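Asks: Sequence:
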Amino acid sequence: MPYEKLEISTPAPVLSWANHALGAEETKMAKNVASLPFVFKHVALMPDVHLGKGALVGSVIATKDAIIPAAVGVDIGCFVGDTLVPLVDGKSYRIRELAARYEEFIVYACTPTGRIVAAQATAKLTRKNAPLVKVILDNDEEIICTPDHQFMRRDSSYEAAQNLQPGTSLMPFYSKMDKDGYTLIQQPDSGEWERAELIGDRSQIQQKSCKLNHLAHDNHKVVNVIPMEEKQDVYCLTVPGYNNFALQAGVFVHNCGMMAIKTPFKAAQLEGKLKKIRLDIEAAIPTGFTENKEVEKTVTNWQKWGDFKELHPGVQDLQGKAMKQMGSLGGGKRLPLTVVIQ
Numbered sequence: 001m002p003y004e005k006l007e008i009s010t011p012a013p014v015l016s017w018a019n020h021a022l023g024a025e026e027t028k029m030a031k032n033v034a035s036l037p038f039v040f041k042h043v044a045l046m047p048d049v050h051l052g053k054g055a056l057v058g059s060v061i062a063t064k065d066a067i068i069p070a071a072v073g074v075d076i077g078c079f080v081g082d083t084l085v086p087l088v089d090g091k092s093y094r095i096r097e098l099a100a101r102y103e104e105f106i107v108y109a110c111t112p113t114g115r116i117v118a119a120q121a122t123a124k125l126t127r128k129n130a131p132l133v134k135v136i137l138d139n140d141e142e143i144i145c146t147p148d149h150q151f152m153r154r155d156s157s158y159e160a161a162q163n164l165q166p167g168t169s170l171m172p173f174y175s176k177m178d179k180d181g182y183t184l185i186q187q188p189d190s191g192e193w194e195r196a197e198l199i200g201d202r203s204q205i206q207q208k209s210c211k212l213n214h215l216a217h218d219n220h221k222v223v224n225v226i227p228m229e230e231k232q233d234v235y236c237l238t239v240p241g242y243n244n245f246a247l248q249a250g251v252f253v254h255n256c257g258m259m260a261i262k263t264p265f266k267a268a269q270l271e272g273k274l275k276k277i278r279l280d281i282e283a284a285i286p287t288g289f290t291e292n293k294e295v296e297k298t299v300t301n302w303q304k305w306g307d308f309k310e311l312h313p314g315v316q317d318l319q320g321k322a323m324k325q326m327g328s329l330g331g332g333k334r335l336p337l338t339v340v341i342q
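Here UniProt numbering is used: the first residue of the sequence shown is 1, the next is one more, and so on.
Hints are supplied without guarantee of correctness; some may be wrong.
[As the list claims (entries may be wrong)] Lysine-lysine pairs mimicking DSS-like chemistry, simulated, CA-CA at most 27 Å apart: (1) K321 with K297; (2) K221 with K134; (3) K309 with K297; (4) K128 with K231; (5) K179 with K91; (6) K64 with K231; (7) K31 with K5; (8) K276 with K293; (9) K309 with K321; (10) K276 with K324; (11) K293 with K275; (12) K31 with K134; (13) K41 with K134; (14) K293 with K273; (15) K64 with K128; (16) K231 with K124; (17) K28 with K179; (18) K64 with K41; (19) K41 with K5; (20) K231 with K41; (21) K231 with K31; (22) K321 with K304; (23) K293 with K304; (24) K5 with K91; (25) K124 with K28; (26) K309 with K293; (27) K41 with K31; (28) K231 with K221; (29) K124 with K134.
[Stated by the list, open to error] What follows is a list of derived Cβ distance ranges for each label pair: (30) Y182 with E25: 48 to 56 Å; (31) A100 with T63: 19 to 27 Å; (32) P227 with D82: 17 to 25 Å; (33) D178 with M46: 53 to 61 Å; (34) P2 with D82: 38 to 46 Å; (35) D140 with Q269: 35 to 43 Å; (36) F289 with P227: 32 to 40 Å; (37) G288 with G58: 36 to 44 Å; (38) K221 with E271: 26 to 34 Å; (39) I277 with G314: 19 to 27 Å; (40) E25 with D317: 33 to 41 Å.
Hints listed in this document are in silico derivations from the structure and should not be mistaken for laboratory results.
This structure is a prediction, so every number in the text was calculated from the model and none was measured.
Glycine residues also receive a C-beta, built at the ideal position from the N, C-alpha and C atoms.
Take these sequences, add in the hints, and give me the full structure.
Replies: Right, dumping it as structure tokens:
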């Protein structure tokens with residue numbers, strides 16, 4: 001089957017078997033994925049490619065020295081290498097220096113109630129040659145990041161850099177040195193100053209009773225957001241449990257990364273109605289190596305079956321199997337979605 005190389009400027013080429021033009025948002029998503037530093041050789045777009053979440057559904061992304069389950073999280077924004085990140089040791093480091101450590105370190109994170117805590121983090125290079133914007137704050141600090149990076153607002157919600165408006169209040173990070181040389185951190189939820197080494201995870205205590213009190217000087221405001229012509233390699237942190245971290249510029253921003261959660265439940269543990277529902281679903285929708293017993297006419301009438309002879313010789317004799325597996329879950333990542341309405 002013929003393919004075409006898309007005429008877009010990316011570190012890795014994008015090869016398309018789609019036989020149709022991509023929309024503007026699809027092209028943007030393809031460019032973003034092809035700019036990831038761990039893409040191996042090229043990104044391939046299959047005939048059924050369409051807009052997804054982070055990466056195009058129907059895209060094949062070979063990676064080197066990286067694993068991206070279901071390509072989730074590849075659209076997270078990032079910062080240029082010179083961006084300073086304060087650590088609990090009292091010093092600030094360029095984010096590219098942290099990425100070169102290949103080890104965990106302790107940053108400042110903020111709970112939804114506005115309480116600053118210490119949290120473990122790691123850093124990594126996330127994109128090469130990425131587009132940038134400059135976010136200017138009312139404390140004269142400038143933050144250069146990708147347009148889609150999420151900033152933490154004063155109410156703990158998040159907003160992409162490109163959508164920030166002048167006057168938007170951001171969750172503040174204030175620090176100073178006391179007379180004895182200790183780093184002090186101002187808690188946004190109370191305005192109190194606390195020694196950095198004494199900051200712990202009090203989120204469970206504060207969660208029920210604390211409300212965000214907007215003190216006179218307890219936030220930073222956005223002055224302007226300026227698109228930049230230059231492009232740079234960008235980096236980000238992963239902060240499990242809190243998903244944000246402080247910048248030396250004085251604000252909190254969203255982290256990058258994802259977490260897979262494995263539950264203790266297994267199919268064999270289901271009883272009663274839930275077990276019957278599960279068996280009914282599996283009977284109607286084949287999974288794994290199982291197939292439909294009968295092939296529906298809508299499947300056999302598909303005109304593209306004639307193109308099977310143009311595929312690799314190793315799969316040309318699998319047309320019958322392909323027909324029987326249409327409408328099944330196969331052995332891949334697709335799962336049935338069961339919704340209970342009460």
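Asks: With reference to the structure, classify each hint as holding or not holding.
Replies: Status of the hints after comparison with the structure:
1. K321 with K297: holds, 15 Å
2. K221 with K134: holds, 14 Å
3. K309 with K297: holds, 21 Å
4. K128 with K231: Holds. K128 to K231 sits at ~8 Å (cutoff 27 Å).
5. K179 with K91: holds, 17 Å
6. K64 with K231: holds, 23 Å
7. K31 with K5: It holds: about 13 Å lies between the C-alpha atoms, which stays within 27 Å.
8. K276 with K293: Distance ~21 Å between K276 and K293 Cα, so the pair holds.
9. K309 with K321: Given pair K309, K321 holds - Cα atoms ~14 Å apart, limit 27 Å.
10. K276 with K324: Holds - the C-alpha atoms of K324 and K276 are around 24 Å apart, at most 27 Å.
11. K293 with K275: holds, 23 Å
12. K31 with K134: Between K31 and K134 the Cα gap is close to 21 Å, so the pair holds against 27 Å.
13. K41 with K134: Not satisfied, since the Cα-Cα distance of roughly 31 Å exceeds 27 Å.
14. K293 with K273: holds, 26 Å
15. K64 with K128: holds, 15 Å
16. K231 with K124: holds, 18 Å
17. K28 with K179: It is violated: about 51 Å lies between the C-alpha atoms, which goes past 27 Å.
18. K64 with K41: Given pair K64, K41 holds - Cα atoms ~9 Å apart, limit 27 Å.
19. K41 with K5: holds, 13 Å
20. K231 with K41: holds, 21 Å
21. K231 with K31: Between K231 and K31 the Cα gap is close to 13 Å, so the pair holds against 27 Å.
22. K321 with K304: Distance ~15 Å between K321 and K304 Cα, so the pair holds.
23. K293 with K304: holds, 22 Å
24. K5 with K91: Outside the cut-off at roughly 47 Å; violated.
25. K124 with K28: With a Cα-Cα distance of about 22 Å, the restraint between K124 and K28 holds, given a limit of 27 Å.
26. K309 with K293: holds, 24 Å
27. K41 with K31: holds, 14 Å
28. K231 with K221: holds, 26 Å
29. K124 with K134: Measuring from Cα to Cα gives roughly 21 Å; hence the hint holds.
30. Y182 with E25: 48 to 56 Å: Holds, since Y182 and E25 (Cβ atoms, about 49 Å apart) stay within the stated range.
31. A100 with T63: 19 to 27 Å: holds, 20 Å
32. P227 with D82: 17 to 25 Å: holds, 19 Å
33. D178 with M46: 53 to 61 Å: Holds, at about 60 Å.
34. P2 with D82: 38 to 46 Å: Cβ of P2 to Cβ of D82: about 45 Å, so the range 38 to 46 Å holds.
35. D140 with Q269: 35 to 43 Å: The hinted range 35 to 43 Å is violated for D140 and Q269, with Cβ atoms some 59 Å apart.
36. F289 with P227: 32 to 40 Å: Because 51 Å falls outside the window, the suggested range is violated.
37. G288 with G58: 36 to 44 Å: violated, 22 Å
38. K221 with E271: 26 to 34 Å: Roughly 56 Å apart at Cβ, these two residues miss the hinted range, so it is violated.
39. I277 with G314: 19 to 27 Å: Violated, since I277 and G314 (Cβ atoms, about 39 Å apart) do not stay within the stated range.
40. E25 with D317: 33 to 41 Å: Given range 33 to 41 Å: holds, Cβ gap about 38 Å.
The structure fails hints 13, 17, 24, 35, 36, 37, 38 and 39 (numbered hints given earlier, in ascending order).
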